Amino acid sequence: MSLIVNRRDIDFLFYEVGDLDEILRNGSYTEFDRGSIDAVLDLAQNMAERAFLPFAGALDANEPAFDGEKVSMMPQVGEALYAFAEAGFFAAGFDQEIGGLGLPSVVCQAVQGMFACANLSVAGYSFLTVAAANLLNECGDAEQKAMFLPKMLEGKWFGTMCLSEPQAGSSLSDIKTMATPTDDGHYRITGSKMWISGGEQEISENIVHMVLAKIPGGPPGVKGISLFIVPKYRVNLDGSVGEKNNVSLIGLNHKMGYRGTTNCALNFGEAGECRGYLVGEPHQGLKYMFNMMNEARLAVGAGATMSALGGYLYSLQYARERLQGRHPGDKDPASPQIAIIEHADVKRLLMTQKAYVEGALALLYYCATLVDRQRLSTDDDERWELKLLLDILTPVAKSWPSEFCLEANKHAIQVLGGYGYTRDYPVERHYRDNRINAIHEGTHGIQGLDLLGRKVRIHDGAALKLLTAEIEKTLAAASTTVGREGEARTLKEALDQCHSTIMRISQCSDVNRALANATPFLDAFGHVVIGWMWLRLAIAAINGLESGKEADKDFYRGKIAACRFFFNYELPKTEHVFRLVGSLDDTCLTVTPESFIGE
Amino acid sequence: MKILVPVKRVIDYNVKVRVKSDQSGVDLANVKMSMNPFDEIAVEEAVRLKEAGTAEEIVAVSIGPEKAQDQLRQALAMGADRAILIKTEETVEPLAVAKLLKKVVEEESPELVILGKQAIDDDSNQTGQMLAALLGWAQGTFASKVNLADGKIDVTREIDGGLQTVSLKLPAIVTTDLRLNEPRYASLPNIMKAKKKPLDVKEIGDYGVDVAPRLETLKVTEPPKREAGVKVESVAELVDKLKNEAGVL
Ligand SMILES: Cc1cc2nc3c(=O)[nH]c(=O)nc-3n(C[C@H](O)[C@H](O)[C@H](O)COP(=O)(O)OP(=O)(O)OC[C@H]3O[C@@H](n4cnc5c(N)ncnc54)[C@H](O)[C@@H]3O)c2cc1C
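Chains as they are written, first to last, in the UniProt record's numbering: chain A, 1 to 599; chain B, 1 to 249.
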């Protein structure tokens with residue numbers, strides 16, 4: 001079995017749960033068919049397994065280093081990324097008019113997933129570049145696009161996102177980096193950025209930083225933030241790389257995981273003029289950034305899911321081979337030891353991983369399909385609805401995997417026992433790699449505030465209504481599917497309780513109190529969404545059992561078992577949380593800072 | 001010059017092979033299938049010859065199931081010009097494959113056939129040699145280097161004692177060893193272009209060749225599990241164990 005992907009699961013999500021065949025009958029996607037999509041996935045899997053996976057452990061043990069002059073790292077990182085660029089993966093998701101392949105978003109999701117699972121740190125450079133290129137493509141002017149985009153799509157220049165500063169992480173309104181206009185049309189950038197992933201490296205010929213900064217005299221807070229292109233090297237008129245642009249590396253951060261991606265404290269304009277080029281209108285930077293942030297947040301959720309998939313597949317393989325102990329009912333010490341996968345508790349550890357990982361994956365593919373349908377739709381109302389659905393699902397697709405797929409990584413370690421706790425096995429690395437996801441691109445707490453404070457209410461609750469209607473479609477199908485009626489009722493109850501909780505919160509005029517338990521709400525809301533996903537998966541699996549191939553029966557039975565697991569072990573947890581949140585519990589809100597340790 | 005490259009769809013080298021419970025063969029349900037790695041090397045070598053201007057056309061051919069089209073498309077994406085699938089869902093033994101390839105050679109008249117030295121599923125290592133015999137062509141097997149010039153091809157072969165170079169008159173058969181080259185990855189644009197390259201699907205019946213198996217599989221079993229080793233204290237003890245326990249001295 002592969003340690004980075006379950007291709008059967010991808011096909012199931014593409015063609016049985018989702019309807020990729022239908023998507024491929026539309027617009028520019030008609031160029032693709034199942035055969036070419038398979039070939040793309042084959043290529044991605046081969047490259048990920050051969051050029052990315054083999055040194056993931058070594059890269060974790062040998063993180064990039066800075067000697068005060070240059071950053072150095074294992075040469076395999078560059079080699080892998082050159083192969084990735086050469087094959088055209090940087091451009092895979094972009095429109096053909098600008099040199100991309102125009103691959104559907106849901107297929108990109110599967111492709112990127114394999115690289116992320118194989119070697120998250122190396123894949124990180126490509127995700128950042130694609131995100132920066134996306135931003136430029138959406139918001140840059142023709143001249144800027146011509147100068148930077150082709151190089152980024154070829155993978156010759158990499159990109160970064162420079163939002164955070166030492167004193168401003170969650171609260172971007174407090175950034176201090178300044179952009180002063182000059183007579184030559186560009187801006188002069190001064191200030192410091194913190195935590196910049198891929199902020200410095202010697203792999204690509206140039207680095208295109210997308211930087212948030214304030215223009216003097218602009219409005220205060222988030223309304224005064226603008227977006228700039230700040231290249232590491234200035235670009236000559238003929239497009240070649242010119243002199244240094246005075247972006248300097250102060251130092252690398254030494255991280256818990258995700259170690260192969262450099263993480264940088266950067267100074268702008270310290271040694272001389274650092275030129276920045278305004279993107280779009282002044283003071284609209286955060287809006288531009290957040291438009292793209294949806295995609296970046298889905299990518300974070302996907303990264304979390306892939307780290308967990310890596311742990312799940314490894315621990316599954318291990319559990320089949322490791323012999324230890326006997327069934328509690330077997331009292332004969334001379335009987336042979338059984339493989340640990342025979343123990344009910346080890347199966348519980350594996351089942352929990354399966355339920356979290358495959359449930360999260362289903363949500364991510366669902367969201368990616370919404371992106372595809374948005375692209376294909378010519379009907380404004382429909383596009384608007386798809387956007388709203390994506391808006392409300394994005395904090396869940398970012399946060400639920402970051403929280404629960406990390407939990408899955410914990411279980412993977414547990415399956416390996418003491419071996420899992422050592423660095424000789426990859427499961428602890430996957431755990432450490434995954435831990436970042438609840439922190440960057442908006443912390444777990446910030447996502448909770450986004451969901452409960454904004455997303456469930458936007459446009460008079462229109463997004464929530466749409467989501468509810470989608471869930472109800474599945475409920476209707478499940479209530480007439482033999483064996484799933486009970487689960488349909490359970491999910492309906494959870495959904496109703498979710499609604500009444502939101503109602504109570506919206507009636508509370510004290511905003512601080514209303515939002516005090518936004519994070520537990522986010523988790524419980526996520527469980528409802530994932531319960532919905534499991535019901536969709538189970539219905540598709542039942543169809544598969546009836547009409548599919550004999551060889552796939554185990555696969556389908558596993559899906560149905562995992563659905564049952566989620567509804568028996570997980571979904572009931574929401575009842576308590578919704579009750580707590582709905583009661584406007586103020587235990588945490590009212591506790592004073594002094595009362596923690598009495599001083 | 002035209003080059004013919006046969007490619008086989010086999011169980012992926014990363015897959016942990018499992019024997020079917022009825023011992024009738026290897027379980028292929030839902031396992032990853034790929035192009036035989038030695039055949040990838042063969043395609044790569046042919047593409048390099050084309051890039052160097054030595055060859056004009058590369059034809060990939062596979063004998064196997066409908067799904068072997070995936071492997072032919074890969075060959076096309078790597079740089080082959082067109083492909084032929086001779087479709088069969090049955091097992092075809094090396095002799096039958098060689099006979100079918102002989103027919104294809106007669107139709108296509110290539111000057112060079114580059115094959116993998118063996119397929120990693122059954123490790124037969126026979127097809128290239130049999131094809132050479134059937135055609136009466138020269139053969140250079142286990143190639144780690146080839147040099148084509150002036151109507152002949154020098155093939156450096158990996159043999160037990162080291163390297164041997166043979167000089168063959170064209171037309172000839174070459175089979176590839178691992179060190180001949182490192183095959184490229186296809187690229188996404190080339191995968192899309194490969195979709196438009198011609199792929200002919202034929203039936204075995206089209207060739208009038210007897211492909212009935214000559215071998216009967218009685219049963220398939222896992223290789224015996226390796227026993228744990230023991231540490232010896234001295235050379236004397238080692239020699240003693242080799243003599244008296246292992247019986248190999
Ligand atoms: C490995 C890594 C990679 C990163 N990559 C990038 C990058 O490429 N580009 C970039 O710009 N940034 C990047 N970041 C920065 C990341 O986005 C920030 O760390 C994150 O936004 C949190 O900011 P902070 O670290 O300053 O924590 P703080 O904002 O100080 O937060 C600390 C804690 O307080 C909570 N908190 C803060 N404000 C509130 C609030 N209003 N309500 C409730 N709780 C609150 C948070 O949830 C968190 O738990 C990266 C960070 C890391 C660790």
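Calculated from the structure, these hints are not laboratory results.
Don't take each hint at face value.
Stated by the list, open to error - To spell it out: a stretch of chain B is covered by chain A in this simulated footprint if at least three of its residues, at any positions, have a beta carbon under 8 Å from a beta carbon of chain A; those stretches are:
| id | stretch |
| --- | --- |
| 1 | 41-55 |
| 2 | 73-79 |
| 3 | 145-157 |
| 4 | 175-188 |
Unchecked claim - Quick look at which bits of chain A chain B covers, simulated, 3 or more residues with Cβ under 8 Å:
| id | stretch |
| --- | --- |
| 5 | 85-97 |
| 6 | 570-578 |
This structure is a prediction, so every number in the text was calculated from the model and none was measured.
Positions of the beta carbon are idealized from the N, C-alpha and C atoms, including for glycine.
**Report entry** Coverage criterion applied to the stretch 41-55 of chain B (partner chain A; beta-carbon cut 8 Å; 3 residues)
**Finding:** violated (count 0)
Query raised in the report: How does the coverage statement for the stretch 145-157 of chain B fare against chain A, requiring three or more residues with Cβ below 8 Å from a Cβ of that chain?
Result: Result for this restraint: violated, n = 0.
**Report entry** Claimed coverage, the stretch 570-578 of chain A by chain B - three or more beta carbons nearer than 8 Å
**Finding:** Since 0 is below three, the answer is violated.
Query raised in the report: Are three or more residues of the stretch 85-97 of chain A within 8 Å, CB to CB, of chain B?
Result: holds (count 6)
Requested in this report: Check, residue by residue, whether the stretch 175-188 of chain B contains three or more positions whose beta-carbon lies closer than 8 Å to a beta-carbon of chain A, and give the verdict.
Outcome: holds (count 4)
Report task. Confirm or reject the coverage of the stretch 73-79 of chain B by chain A under the rule of 3 or more residues with a beta carbon closer than 8 Å to the chain's beta carbons. Result -> holds (count 3)
Hints 1, 3, 6 from the earlier list are contradicted by this structure; the remaining hints agree with it.
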